[in-house]
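Generate the whole structure from the sequences, applying the supplied hints.
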Amino acid sequence: MEKFGFTISKIRQIDYDSNDRSIADYIYEREPSFRLCIECGGCSATCTTGNYTNFSLRELHILIKRGENSQVIENLKKCMLCGKCILVCPRGVNTRNIVILARQAFQKSDSYAI
Amino acid sequence: MQFDPFVIPFNIGLYFILFYVVFRCVIWFRGLSRPDKLRLQRGFFGNAFVLSLKEIFLESLLHKKILKTNIRLGYMHMSLAFGWFLLIFFGTIEADIFGTKHLNAPYKAIFFRYFNPEHGRMGFEAAYGFLMDLILAFILSGLILAISKRFYSRVVGMKKTTKLKLSDKIALTSLWLIFPSRLLAESFTSGTYGNGSFLTGTLGSWLASFLPAQQMAYPFWLLYSLSLGTFFVLLPVTRYMHIPAELFLIFMRNCGIKTGDKSGTYTEVQTYSCSSCGICIDACQLNFSAGITNIQPAYLMKAIRNNDDVSEIANNCLLCGRCDQKCPVGIELSPIRMIQRRVGDNENVFTNIYKGYFRKRLHNIPEKSNGQLSYNFLPVTDPEKVDVLYFAGCMTHLTPSIKNSMVKILDASGVKYKFIDEQGGVCCGRPLMLAGMDKEARELINYNSQLFWKSGAHTLVTSCPICYKVFKESYYLGVEVLHHSQFIKSQIEEGSLKMNFLRKKVVYHTPCDLGRGSGVYDEPRFVLKHVSRLEKSKFDDENSLCCGGSLANLKLSSGKKYKIAQDTAAELTKGNPEILATACPLCKKTLSSATETRVADISEIVAEALIVTSVKRNINKQVSSIRELANI
Amino acid sequence: MSKHVVVIGAGVAGLEAAGRLSKAGFYVSLLEKEVKTGGHLNDWYKLFPDRRNSSEVKHYLDKLTLNDGIKILSGTTIEKFSKRKSHFSIITDKGNEIIADAVVVATGFDLFKSARKEEYGYGIYDNVITSAELEGMFRNDKIALCNGKIPGAIGIVHCVGSRDEKVGNLYCSKLCCVTAVKQAIEICEHLPESKVFCFYMDMRMGGAHYEELYREAQEKWGVNFIRGKVSEAGETINNRLVIKVEDTLAGRPLKMELDMLVLMAGMEMSDGGKKIAGISGLNTGENRFFSAADPHYGSNISNIKGVFYAGTCTAPMNITETISHARAAVSEVMDYLKDVN
Amino acid sequence: MITEGKKAIWSEYQKEIADDKFFYVRSCIRQNFFPGSEVAFLRIMRDVLKKDVYEHPCHTTCSGIGYHGDVVPVETAMTVVARQFALMTEAGYTNYVPSCITSFGLYTEILDTWHHFPEVEGKVREQLKKATGREFKIPGNLAHASDVIYKFRKEIAAKAKYKLVNKNTGEPLKVVDHIGCHYAKMFPSKGVGGAEYPYVLTGMVEEWGGQIVDYPERRHCCGFGFRQYLVQANRGFSVACSKEKFESMEPFKPDMIITNCPGCPMFLDRWQYVINEMEGKKYGQNGEGIPVFTYEEVAGLVLGYDPWDLGLQMHQTDCEPVLDKIGIEYAPADKYKLDVKTPSSKSHNLISV
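Residue numbers (our numbering), protein chains in the order written: chain C, 0 to 113; chain Y, 43 to 674; chain V, 259 to 599; chain A, 154 to 506.
Everything labelled a hint here was simulated from the structure, so no lab data went into it. Just so it is clear, CB atoms sit at the ideal spot from N, CA and C, and this is done for glycine as well. Watch out, some of these pointers could steer you wrong.
[Said to hold, decoys possible] Straight-line C-alpha distance at most 25 Å; calculated PhoX-like pairs for lysine-lysine:
hint : chain 1 : residue 1 : chain 2 : residue 2
1    : C       : 107       : Y       : 458
2    : V       : 532       : V       : 513
3    : C       : 9         : A       : 435
4    : A       : 435       : V       : 487
5    : V       : 513       : Y       : 605
6    : V       : 261       : C       : 9
7    : C       : 2         : A       : 434
[As the list claims (entries may be wrong)] If the Cβ cut is set under 8 Å, some of the chain A residues that face chain V in the computed set are:
hint : residue
8    : 161
9    : 182
10   : 347
[Claimed, not checked] Computed footprint of chain V on chain C, listed as stretches where at least three residues anywhere in the stretch have a Cβ under 8 Å from a Cβ of chain V:
hint : region
11   : 10-17
12   : 54-65
13   : 88-97
This is the structure in structure tokens:
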């Protein structure tokens with residue numbers, strides 16, 4: 000507000016209970032391997048997009064699971080779906096399908112513009 | 043006795059289906075693009091028409107392709123289709139010759155015996171009756187096979203049979219009833235009048251010996267008429283629509299119409315032409331290795347016809363192309379599947395006749411893209427000018443030995459080349475296309491194309507069949523695109539590569555995208571024969587298996603991928619080869635984890651066999667200097 | 259005349275050692291401060307990673323020690339401990355003196371007292387419980403909140419009292435991670451509708467089949483694993499718990515409400531062990547457990563000749579390791595008594 | 154909530170607080186924020202409790218505000234503190250009582266540092282000697298002023314005119330206690346009740362008839378945070394901090410907030426106004442804010458001091474709702490009058506100390 004010269008900052012805290020985790024549920028239902036991620040970061044390390052930008056598939060997974068969807072949307076489209084991540088994943092997570100499903104979920108949802 | 047009310051169901055059915063088919067064909071025709079309409083018009087007055095008639099006879103009636111793949115299944119289809127055709131054909135002639143007058147209404151031919159019960163006692167009439175009984179027996183033999191297939195599919199040599207919906211079940215029952223009811227109707231009539239040939243006569247007299255044949259005949263004629271009528275009326279909403287649709291399909295195909303990247307009349311006709319024979323199910327590795335039995339083309343076609351949500355089915359496929367190779371109707375299954383994968387591109391969603399054809403087709407207008415680029419973060423680079431570009435591809439970077447081997451081979455070949463993605467490149471775009479995201483893929487294609495053009499290269503070599511296929515099909519680069527097996531072959535032929543013969547027993551696994559996908563079969567074999575003892579396997583060339591790792595399948599779990607890889611590797615290594623060779627980094631990576639046998643890319647084997655001349659020269663020098671030393 | 263060995267503590271290690279010593283022909287006195295033998299085995303319902311009933315192990319140990327050569331003195335503590343020449347004199351709280359040729363110390367561990375981590379509110383907030391209390395709920399087949407309701411969201415905090423300088427425990431208790439995973443699965447089995455969240459610093463699934471259990475928890479039961487140490491718990495007006503944790507993998511602090519918080523209490527040197535150390539002069543290490551003569555090849559040997567260690571009085575161990583360690587102690591005793599008259 | 158559990162913890166964290174002869178040092182900012190509070194402390198100590206409280210006219214800031222604001226190095230802060238101790242030593246006192254929580258934290262920190270690193274203490278002594286010629290003794294007892302009030306909470310209760318009870322319903326007032334971060338978070342053993350469940354204010358409130366509200370964000374900073382507030386660009390964080398606390402306590406419907414730190418009441422009070430201005434949101438009942446008090450003000454109120462005499466008119470969030478609930482008599486018209494005839498005969502003391 001003009002009169003004070005500052006505004007109330009947004010809390011960085013993830014508010015798990017009030018976040019919308021429907022995107023995560025959509026993926027859990029269709030790609031059970033989504034549960035298997037142990038956040039090793041192998042996918043992010045091999046990622047072509049990750050070499051050029053701050054895109055991290057590992058972080059994306061966790062943000063979807065926590066319902067931090069706005070941050071996910073920004074990054075989702077950067078994925079090239081090349082599939083290197085699948086080959087390096089030690090837990091057999093179908094990472095490409097998760098990206099595709101996330102895109103689908105956002106498209107189907109009315110609350111997000113992708 | 044020229045008419046009886048029992049023929050009414052048949053008449054209704056027949057005229058309905060005739061009208062429907064004509065009507066449907068007109069709609070299909072109108073749905074074609076202008077060039078396709080012209081193709082069809084030209085074809086009608088040209089060679090295509092004759093060719094189509096021949097193909098219809100061979101495929102729609104005789105079912106030659108099914109006979110080749112599976113003789114019992116072929117016989118089943120043939121006996122029903124060809125037998126029925128013969129029955130109508132000779133029945134019409136019979137009615138024409140022996141009837142009261144010429145040019146009879148169709149029902150007179152179909153129910154000839156009812157209207158001419160005294161007919162066929164002796165001479166030519168009896169001989170003709172014998173022919174008609176023979177044809178009926180032919181059909182009934184196929185029918186017995188069909189019924190057994192429904193209850194126990196192994197009878198016809200099939201592992202899986204297709205699942206049916208309710209309208210299909212009713213149509214199937216009426217189809218099954220047609221010929222037995224005709225047999226019984228004719229038999230009772232024959233029994234009453236004491237005529238009939240070996241089948242109807244014998245059965246008729248036997249039945250008449252303990253049943254009131256005269257009273258029994260009429261209900262069966264009515265049943266016969268009802269079954270025919272029901273079958274015809276239900277035809278448009280069942281898989282039996284494939285009977286008329288296939289005729290139209292054959293004609294369209296012969297006129298040169300192809301499946302595009304959007305759905306339209308041709309894809310619609312193709313979907314209706316699927317008879318759910320189930321040959322694709324048998325060919326599918328997801329079925330016999332991974333135990334997934336609901337995503338095969340027969341089910342996809344059915345789901346599309348039923349307007350079901352097909353995304354799960356469409357995305358759960360290796361796109362290995364084995365089914366395309368096997369489909370007896372020649373439906374372009376993989377292109378149709380790809381159409382279903384394209385997001386927001388399903389503007390031609392099928393509408394079924396019973397849901398009201400006059401309802402307007404669903405036009406899902408794809409959302410206008412906001413023009414924002416997805417990959418605008420990619421750096422612009424200026425590559426040096428070279429003759430040959432080597433693009434290893436993403437997957438090759440995860441199998442570094444292929445990359446290193448290729449560098450060795452390229453160095454040895456002496457061509458002026460540049461390893462364009464040595465520091466990691468940008469994806470070729472095919473994985474995006476496989477996920478139905480063509481717009482995004484186009485961005486990557488443009489990016490890579492710019493890069494290739496700037497280098498001024500005339501040849502682009504890649505190690506990855508996935509990249510190779512997309513470079514060939516979707517890049518329009520205007521330069522020669524080679525898979526490394528092709529490049530190695532050309533270098534061998536030019537004499538730039540010298541190799542030892544390794545004497546190792548090798549079996550070659552054809553990668554799907556290289557083989558069935560791009561038609562490259564001979565070059566890898568040529569190279570392998572050049573350096574090793576290449577053995578044959580049951581799954582060579584067109585019949586090759588998928589490794590299971592295919593990027594085309596977006597749904598398959600890692601465990602099931604592994605199952606497929608294990609089965610494929612086990613099949614290929616039955617002859618205990620020393621090396622299981624392949625020509626794809628992804629195949630190599632997938633198969634390596636599933637077998638104890640060494641899995642190697644062609645490039646690795648070639649690099650192993652390579653005689654590097656520069657090293658040889660050095661050795662020569664040393665030897666000569668030793669000689670010199672000895673001389674001193 | 260057979261030699262006399264005193265085993266102090268009748269938990270897993272003590273029972274195993276006593277049983278084996280007796281089989282080897284020694285006369286054994288087994289001292290236990292509690293009335294019942296079996297130690298922590300009595301508090302645990304099912305064991306990781308195979309989720310077998312703990313009573314099966316107890317049954318095995320009881321059978322092993324059901325022997326005339328073993329005198330079990332339960333409800334007994336030691337007041338004095340001294341060595342005279344090659345003999346040990348042990349005076350119990352009842353004033354009896356026991357003379358022994360060798361002593362096996364198997365005083366085991368105590369669970370970390372969770373109230374010391376004040377920020378989690380154990381003993382203050384109604385539905386903050388320990389792993390041991392949860393085992394009790396499993397045994398009674400009733401997982402419920404104080405008000406009797408079924409918890410819908412349950413948090414499990416790893417590393418309570420372990421790897422924590424603030425409570426003076428620098429070491430890892432090694433078994434809490436797998437216990438957490440086992441208990442998470444058991445909660446899911448009991449309450450399929452409830453959600454379980456594990457808050458961990460590292461998943462240390464070192465033992466055989468531990469990692470597979472972890473995978474099962476994720477894959478089959480949908481247990482959520484959040485990497486970060488819970489920093490504090492509070493209570494809402496609805497009697498739910500609010501926890502704060504950094505989701506270190508998202509790089510953001512996280513707040514969520516839970517119905518129940520289970521604290522994975524670590525293992526500490528037992529109070530009984532501390533007392534023995536005090537009266538006997540046995541050495542203890544920085545982690546306050548008994549320190550063995552050599553960590554590689556002398557893990558049963560103490561600084562007093564003739565006194566040997568068995569089990570978790572030296573370091574956190576699982577049952578498999580404890581039993582092996584106890585057997586090793588027996589072999590050390592036999593070696594020692596061969597040379598002593 | 155298991156009260157026994159809390160009592161067990163409280164019993165573990167008890168500290169020694171001197172009985173008499175206090176050397177009192179003021180906060181540098183409190184007199185601007187809530188000028189009545191320190192005066193009320195002295196008045197209660199001297200008049201009600203009859204204690205010897207000495208204030209040295211030459212005492213300065215402890216420099217803790219600069220230290221925590223990253224502008225004063227620790228050695229400087231130590232020397233300033235050493236001078237304060239020297240004043241105490243010279244005046245013949247040993248019981249040091251700071252009014253400010255940050256001061257208390259700084260003194261505690263410095264004493265602990267000197268305890269572990271005597272050479273630092275030696276250096277500081279040398280510096281102080283060089284600079285001022287003064288020498289000092291380590292205080293015999295260090296207690297925050299709120300500790301002292303806590304110690305005498307029962308005596309105050311005995312002389313109280315009012316209780317923290319809703320006079321209409323007879324129910325105890327629901328009070329949120331907010332402890333300054335520097336009170337016990339750095340050295341839990343130096344605070345009454347420790348850092349997690351501090352008892353210092355709870356003890357007073359319970360003794361005076363109120364009921365403490367335990368809400369999830371009770372540990373959270375008030376939002377002052379020094380750098381957060383002192384740099385204007387960071388003030389958004391400061392408000393956000395307070396807002397999180399208000400949102401967390403709101404469901405408990407507290408009647409008032411009691412604090413023991415110079416900054417906390419300031420921010421908990423003023424930010425309620427700012428949040429209301431920015432977002433139109435109030436956290437109290439009946440469309441009011443939640444009144445915020447210092448512990449001295451609360452002690453003064455229960456002892457029957459005039460609200461305007463205690464400086465409650467300086468609060469931005471109106472305190473009248475609480476006064477009404479307790480039934481404290483006040484003259485609304487006098488709230489902003491400069492020349493007030495106070496009911497207390499010794500009112501001149503308030504200004505002249």
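message: Please verify the coverage claim for the region 88-97 of chain C: does it have three or more residues whose C-beta sits within 8 Å of some C-beta in chain V?
response: violated (count 1)
Notebook entry, point to check: Given the hinted pair residue 435(A) and residue 487(V), is their alpha-carbon gap at most 25 Å?
Noted result: violated (34 Å)
Would you settle whether the hint for residue 182(A) is holds or violated, based on the nearest Cβ-Cβ distance to chain V being less than 8 Å? violated (28 Å)
Checklist entry - Going straight from one Cα to the other, do residue 9(C) and residue 435(A) come out at no more than 25 Å? => result The hint holds at about 18 Å.
Requested in this report: Confirm or reject the coverage of the region 54-65 of chain C by chain V under the rule of 3 or more residues with a beta carbon closer than 8 Å to the chain's beta carbons.
Outcome: With 6 residues in contact (Cβ-Cβ under 8 Å with chain V), the coverage given for the region 54-65 of chain C holds.
25 Å Cα cutoff - pair residue 513(V), residue 605(Y)
Violated. Residue 513(V) to residue 605(Y) sits at ~42 Å, over the 25 Å cutoff.
(request) Mind checking the alpha carbons of residue 107(C) and residue 458(Y) for me, to see if they're no more than 25 Å apart? (result) violated (51 Å)
Margin query: Under 8 Å is the threshold here; is the Cβ of residue 347(A) close enough to any Cβ of chain V for the hint to stand?
Written below: holds (7 Å)
Report task. Decide if the proposed pair is consistent with the structure: residue 532(V) and residue 513(V), CA atoms, cutoff 25 Å inclusive. Result -> violated (39 Å)
Do at least three Cβ atoms from the region 10-17 of chain C come closer than 8 Å to Cβ atoms of chain V? Coverage by chain V holds for the region 10-17 of chain C (6 residues, Cβ < 8 Å).
### Query
Taking 25 Å as the top limit, are the C-alpha atoms of residue 261(V) and residue 9(C) close enough?
violated (74 Å)
Hint residue 161(A) vs chain V: min CB-CB distance below 8 Å? Interface hint status for residue 161(A): holds (7 Å vs cutoff 8 Å).
Checked against the numbered hints given earlier, the structure breaks hints 1, 2, 4, 5, 6, 9, 13 and satisfies all the rest.
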